[in-house]
Amino acid sequence: MAELVHPEACQLATLIVEEQLGPICKEICALLLRKGYQTLFELAKTSGCPRAELYDALLVLTQHNCIQPFVLEQEEGAKTSPQTVFQPDLLAILHRLRSARCLLHIADTWKGTNGQDETKIAEAIVEGLLENGRLTSQQIYRNVAGKLGCAVDDSTKATKKLLCQLISSHYVERAPPANLTLPKPAIHPDAMAKGRGISAVAKAQEEQAANLRRLDKVSYGRDRFRIPSDLRLDDGHSAAESALKRQKLSHSASTEALDMGTDPILWRVCYEEFNRSFRHAACIAMISQARDEEAAAIASAILTKTRHFETRLKEQESQPLSAAMIKASLEEMMQSGEEVSPIHDVDAVLREIERDDLEMMTSSTGGPDGTMYQVQLDTCINLARLKTIESIVGARFGLLGLRIWRALFLSGQLEQKTIQDMAIGDQKDTRQLLYGMLKGGFMAVTEIPKSADRAASRTFYTWRVRRDIVSERIGLDMVHSMFNIASRLHTESLLNLELVQQLESGNTTILKTHRQQVSHLTGARDLLESSLFRMDELNSVRLPYDHPLTPETYSGAYGNSTSAVEIAFSARVVEQTEYLLAGPALPTSPTARQASHKRKRQLEVGPGARSHRLYTYLFLETRQAGDQMRKRHAVNDPRLRAARVNGAFDLLGAPRYNRPFQDICLETNVKVEVCL
Amino acid sequence: MAARGRGRGGFRGRGRGGVGPPVAKDDDGNIVSSQVEGPPPLYPELEKLPKRPEISPRDKRLLARHRALNKFYKNSPYFLKRNHEQSGADGVLEKIDDLAGISKKRKEEQPLQLSDVMILHPKYFPQELLGKNRTAGSSATKQQQFWAAQQKDKDMQGKDLEATFADLAKKEAAAAKAGKDGTGSKNAINEDDEEKRANAEEEVAEEDEEDGYGHDDDDYLQGQDYQDDEEYGDEEAGGDEAYF
Numbered sequence: 001m002a003e004l005v006h007p008e009a010c011q012l013a014t015l016i017v018e019e020q021l022g023p024i025c026k027e028i029c030a031l032l033l034r035k036g037y038q039t040l041f042e043l044a045k046t047s048g049c050p051r052a053e054l055y056d057a058l059l060v061l062t063q064h065n066c067i068q069p070f071v072l073e074q075e076e077g078a079k080t081s082p083q084t085v086f087q088p089d090l091l092a093i094l095h096r097l098r099s100a101r102c103l104l105h106i107a108d109t110w111k112g113t114n115g116q117d118e119t120k121i122a123e124a125i126v127e128g129l130l131e132n133g134r135l136t137s138q139q140i141y142r143n144v145a146g147k148l149g150c151a152v153d154d155s156t157k158a159t160k161k162l163l164c165q166l167i168s169s170h171y172v173e174r175a176p177p178a179n180l181t182l183p184k185p186a187i188h189p190d191a192m193a194k195g196r197g198i199s200a201v202a203k204a205q206e207e208q209a210a211n212l213r214r215l216d217k218v219s220y221g222r223d224r225f226r227i228p229s230d231l232r233l234d235d236g237h238s239a240a241e242s243a244l245k246r247q248k249l250s251h252s253a254s255t256e257a258l259d260m261g262t263d264p265i266l267w268r269v270c271y272e273e274f275n276r277s278f279r280h281a282a283c284i285a286m287i288s289q290a291r292d293e294e295a296a297a298i299a300s301a302i303l304t305k306t307r308h309f310e311t312r313l314k315e316q317e318s319q320p321l322s323a324a325m326i327k328a329s330l331e332e333m334m335q336s337g338e339e340v341s342p343i344h345d346v347d348a349v350l351r352e353i354e355r356d357d358l359e360m361m362t363s364s365t366g367g368p369d370g371t372m373y374q375v376q377l378d379t380c381i382n383l384a385r386l387k388t389i390e391s392i393v394g395a396r397f398g399l400l401g402l403r404i405w406r407a408l409f410l411s412g413q414l415e416q417k418t419i420q421d422m423a424i425g426d427q428k429d430t431r432q433l434l435y436g437m438l439k440g441g442f443m444a445v446t447e448i449p450k451s452a453d454r455a456a457s458r459t460f461y462t463w464r465v466r467r468d469i470v471s472e473r474i475g476l477d478m479v480h481s482m483f484n485i486a487s488r489l490h491t492e493s494l495l496n497l498e499l500v501q502q503l504e505s506g507n508t509t510i511l512k513t514h515r516q517q518v519s520h521l522t523g524a525r526d527l528l529e530s531s532l533f534r535m536d537e538l539n540s541v542r543l544p545y546d547h548p549l550t551p552e553t554y555s556g557a558y559g560n561s562t563s564a565v566e567i568a569f570s571a572r573v574v575e576q577t578e579y580l581l582a583g584p585a586l587p588t589s590p591t592a593r594q595a596s597h598k599r600k601r602q603l604e605v606g607p608g609a610r611s612h613r614l615y616t617y618l619f620l621e622t623r624q625a626g627d628q629m630r631k632r633h634a635v636n637d638p639r640l641r642a643a644r645v646n647g648a649f650d651l652l653g654a655p656r657y658n659r660p661f662q663d664i665c666l667e668t669n670v671k672v673e674v675c676l
Numbered sequence: 001m002a003a004r005g006r007g008r009g010g011f012r013g014r015g016r017g018g019v020g021p022p023v024a025k026d027d028d029g030n031i032v033s034s035q036v037e038g039p040p041p042l043y044p045e046l047e048k049l050p051k052r053p054e055i056s057p058r059d060k061r062l063l064a065r066h067r068a069l070n071k072f073y074k075n076s077p078y079f080l081k082r083n084h085e086q087s088g089a090d091g092v093l094e095k096i097d098d099l100a101g102i103s104k105k106r107k108e109e110q111p112l113q114l115s116d117v118m119i120l121h122p123k124y125f126p127q128e129l130l131g132k133n134r135t136a137g138s139s140a141t142k143q144q145q146f147w148a149a150q151q152k153d154k155d156m157q158g159k160d161l162e163a164t165f166a167d168l169a170k171k172e173a174a175a176a177k178a179g180k181d182g183t184g185s186k187n188a189i190n191e192d193d194e195e196k197r198a199n200a201e202e203e204v205a206e207e208d209e210e211d212g213y214g215h216d217d218d219d220y221l222q223g224q225d226y227q228d229d230e231e232y233g234d235e236e237a238g239g240d241e242a243y244f
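Protein chains in written order, with my numbering: chain A, 1 to 676; chain B, 1 to 244.
Next comes chain A alone, as it looks inside the complex (with noise of 0.2 Å):
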């Protein structure tokens, strides 16, 4: 997303490794920050740190994945080995600051066989890989050995089993290696060269490298979550049965070739499976206080079922599930001691499930099953999220800034006496309002002029409210608001560097003339973390942090300056445009969103230098889903100087014109899809 790539973010995570890994790795990280991906003879030019120092920090952030090293593509028939580059992982660095709601999420949520020891055991196996980034499972064996204070023997077997799980579970992959090529960032259709002497040979060399590419990231991604064959086997079955499963494991040699060989297998926390699992509480959270807690124990019941058959870290909505198989998946839940509060009848919270006008849990009559009820993930996320604005906005400019805010939202466009009327206020306070959140960036404002001299007089203004720009200035703000608490977190640590060190050593004989230093700084420090903390898991909603390595969000768009995520994030953008523009429902079903993507639609634009980069992804979406739009425009500027020097494209409805500007414009390369 846009706020993730800005300077504080970057600024955050660089505070995050100095607090963590030292003053050495932070300087090298914050390089790698600002320059993007870089090889080992520019990092020791730049850096300006002695050799042992530099492979050492290199060789550190690259065990707690914050760097990744990708290997740069070569032509064929090159004569100089491939160049190693290290490539920093933002994500992954922010991510950090979670592993304690990480670890606090196995702590309660993880139940096993046997009950406390063995959530004991997980806990303790995934605070080792925090811990140490990268593990073996020797190493894990001895690390949870350590923390239980037992025997390594005593505990393999159970450790072994507890791995297994969590790996079956998606919550522990295997670490990716260092030979994966360095994926292409994305290139702008516009900026590719239109069959211009293009040959074919050129072109079948393109494919092949990109195949090329896609096979270490499929095979990487293929390999992620397998349990390799010493760790299967041994799990108490009997010598018969595991030299059947030694037989059929044999048959594809080029695993076990992997699994036999002398290669160690490294193990690191995933923590997509963590963000999936926040998303589905978020959802939960969200529809028990829309609706009542036993729609969302049901909720929880269908999501629980339906937890495995999800492909994306972000579904739209999760697998039908029948009545039946919510009531099994119940008695399951509470069986397995899960909170969970009873139902009484369970038919009755799914009659009134079908009539929810918020549509968070949706039914489908007409399977073979009977009535499936499915909880619609997406709508409670935004449902979440304009919460949070609604909040910030209510903070923010009080109530009659909440009144405007939410009538624009629901109305749409409308000029400044309407907005008056409909919140209830006087037209020096509105005014004030609208002005004071269009600089906040909640709001956009469009000129529409009567005449061509765009005069203030003879032109209307009309307002608006576009919940993805706020939604992405929001997200800015938050990071932003993060990195000044752990700034100021940091500055309090650096004024009592004394007092923290003794604290931290565990030294607790503080003299009395400090003891009140000593309350006063605790009491701080917990403040800010704590709040740190909120910040993160309300941000989570807003974003949650996508795998960058993962084959289906890997498109061929990771680079420096844009993300998957962003491309990911644009497809819901299209929807939500089109659900404030037209008006009536989102469409749920698979046949009503296709049939939607080839309405023509319209996609208005909004004031500001972002909503450039946001257009183009939007842009690439469409690209990508494959729309057959009859005629493409190209506009020089957002703000449509053109349109207002020929006239021709209105911003409030379909364009009076059908000529193409292409000999117009193409400054700043933006495409806008256009309804005709």
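The hints are simulated quantities; they were obtained by calculation from the structure and are not laboratory data. Take these hints with a grain of salt, some might be off.
Below, in silico cross-link-like pairs of lysine-lysine (DSS-like), each with a Cα-Cα straight-line distance of 27 Å or less [what the hints assert, rightly or not]:
id, chain 1, residue 1, chain 2, residue 2
1, B, Lys48, A, Lys512
2, B, Lys177, A, Lys512
3, B, Lys123, A, Lys45
4, A, Lys79, B, Lys60
5, A, Lys512, B, Lys170
6, A, Lys120, B, Lys123
7, B, Lys51, A, Lys439
8, A, Lys439, A, Lys428
9, B, Lys71, B, Lys60
10, B, Lys60, A, Lys120
11, B, Lys60, B, Lys81
12, A, Lys35, B, Lys123
13, B, Lys48, A, Lys428
Derived, one-sided and incomplete: chain B residues facing chain A with beta-carbon distance under 10 Å [said to hold, decoys possible]:
id, residue
14, Pro44
15, Leu46
16, Arg65
17, Lys71
18, Tyr73
19, Asn75
20, Pro77
21, His121
22, Pro126
23, Phe146
Cβ atoms here follow ideal geometry from the backbone N, Cα and C, with glycine treated the same way.
Fit chain B to the given chain A structure using the hints.
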């Protein structure tokens, strides 16, 4: 030319006044005091403070885990310090021991290297980083010590700071009582010094609420009132000659 002359004349005319340094004046003509006492504050006071958030039990659990992780990172071989920072007090002691020839003890307590805890394999790390010196092998005993040390750190986390302070306060009160009973014969100080000390204690006691500094039984301020120049002016000891 005329302008130049006018300018010069104007300058000369102004030069006779003896005005002094330029003074800042606000719109009404009043002089604004421009004494700047130090740099502006990094975190100025806020007028509208938000409501202070309460720390819930869930927050405390999160904080405990977060601090345990941070503590591990800071004490692990992954936390890389610069060479000159690594010495510190230990470095000075090492140098003294080296000079004195006692170097065996310190060498046993050398910190863990990266190759002891990380699996440095060419599949996961580029070969150019690994070089020739870093081998995958490392001593098993050191690794065992590293993993076993995880357990010890867990014991330190459960301490509550407030409870610790309460214990320390109790111990200090008990020590103060024992001290008062036994110190009647110990003090062989002049009356002058006693008065001065009493005055100093009163001053310290008045400021106690503000500064939080200790009182009678705090040996931090014991030597505060010691007069080194008692014999100054005493004719037997040399009069009022300066002595160094």
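Starting from the hint list further up, note which numbers the structure goes against and sort them upward.
-> 1, 4, 6, 11, 14 and 15
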